[in-house]
Amino acid sequence: MCSDNTLSTTLNIDVELVRRLVSTQFPQWSNLPITPAIPQGWDNRTFRLGKTMSVRLPSAVGYTPQIEKEHRYLPCLAPLLPLPIPIPVAKGKPGEGYPWSWSIYRWLPGKTADSTQIADHTRFAITLAHFLVALQQIDPTDGPTPGSHNAFRGGPLTVYDDETRRAIRVLDGVVNTEAAIAVWDNALAAPWHGQPVWFHGDVAVGNLLILDGRLSAVIDFGCSGVGDPACDMVIAWTLLEGESRAAFRTALRVDEGIWARGRGWALWKALITLVEYRNTNVVKAAYARRVIEAVLADAVHHTQ
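Residue numbers (this note's numbering): 1 to 304.
Simulated from the structure, these hints should not be mistaken for lab results.
Be aware that a few hints might be false.
Simulated restraints, written as ranges between beta carbons of each label pair [to be verified]:
(1) ASN279 to LEU211: 35 to 45 Å
(2) LEU80 to GLU293: 29 to 39 Å
(3) VAL205 to VAL133: 16 to 26 Å
(4) ARG165 to GLY242: 29 to 39 Å
(5) ALA182 to ALA90: 44 to 54 Å
(6) SER115 to LYS91: 28 to 38 Å
Taking lysine-lysine and the DSS-like style, the derived pairs with C-alpha atoms no more than 25 Å apart in a straight line are [as the list claims (entries may be wrong)]:
(7) LYS91 to LYS51
(8) LYS91 to LYS69
(9) LYS111 to LYS284
(10) LYS93 to LYS69
(11) LYS93 to LYS51
(12) LYS51 to LYS111
Glycine included, C-beta positions come from ideal geometry on N, C-alpha and C.
Go ahead and model the full structure; you've got the sequences and the hints to work with.
So, in structure tokens, the structure goes:
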């Protein structure tokens, strides 16, 4: 998820709406079956269109810039990457009561990443690292710089300094706040001075597809841009662990500075998630706690 936009409470983005939009704007596909994708994302609502395409509609106005970005850049990035990514097929216009542009993409087979579905976690980590290295090597000229379109992914962590420290104060007695502050301060003390490179911006389990136990595709480039790729390290603590985490870092060939900033990105997101859900959603709160514990333990490991 790129930002904290509030979902529209007046829009009912369902199969019938998608059917009307496709029928009126792309009648050549009006006879194709439409089914909701499972699981659904936050930024967009996704539907299967026939066997070879998908329809994605932004769920709130703050996510609409992703449409133009993906249509402009994904066709250029795709041929240069070692794994499939979504390719836009058509761009829809507002209509049928839906107020924003929307997209049709080629459908990519696979299930969202789950540790139980990955046949070899170390191989998975290395494959993902090689994908990210290839992405970083693509010419970043004229690529989108960090901003509101991607919640400032790729920019300095200072953007979230106040929010992170506020979350740490709220969670006093719930998490090891002293260790959290140390990790956060360490991340801020390792500013990035490199040249801008391409980054995905939301390397999360929901955006990694698994087929036959292997990483088969990377989807949802709504948070992508050019800048500091530290935000793409977050998966190291949200999914990987032990040997696979170490293999991921080695294959990325990153220094301690980018790893520290990656821990900062993971810590920020886990802290604000725990603040939001600690009293309302046991599953999401437990997940956030696990990420925080993994980040803090990793920081201790690398200071010994």
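Consistency of the hints with the structure:
1. ASN279 to LEU211: 35 to 45 Å: holds, 38 Å
2. LEU80 to GLU293: 29 to 39 Å: holds, 37 Å
3. VAL205 to VAL133: 16 to 26 Å: Check passed, 20 Å falls within 16 to 26 Å.
4. ARG165 to GLY242: 29 to 39 Å: Since the Cβ atoms of ARG165 and GLY242 sit about 30 Å apart, the hinted range of 29 to 39 Å holds.
5. ALA182 to ALA90: 44 to 54 Å: holds, 50 Å
6. SER115 to LYS91: 28 to 38 Å: holds, 36 Å
7. LYS91 to LYS51: holds, 19 Å
8. LYS91 to LYS69: holds, 12 Å
9. LYS111 to LYS284: Given that 25 Å is the threshold and the Cα spacing comes to 20 Å, the pair holds.
10. LYS93 to LYS69: holds, 15 Å
11. LYS93 to LYS51: With a Cα-Cα distance of about 23 Å, the restraint between LYS93 and LYS51 holds, given a limit of 25 Å.
12. LYS51 to LYS111: holds, 15 Å
Comparing the model with each earlier hint shows no violations; every hint is respected.
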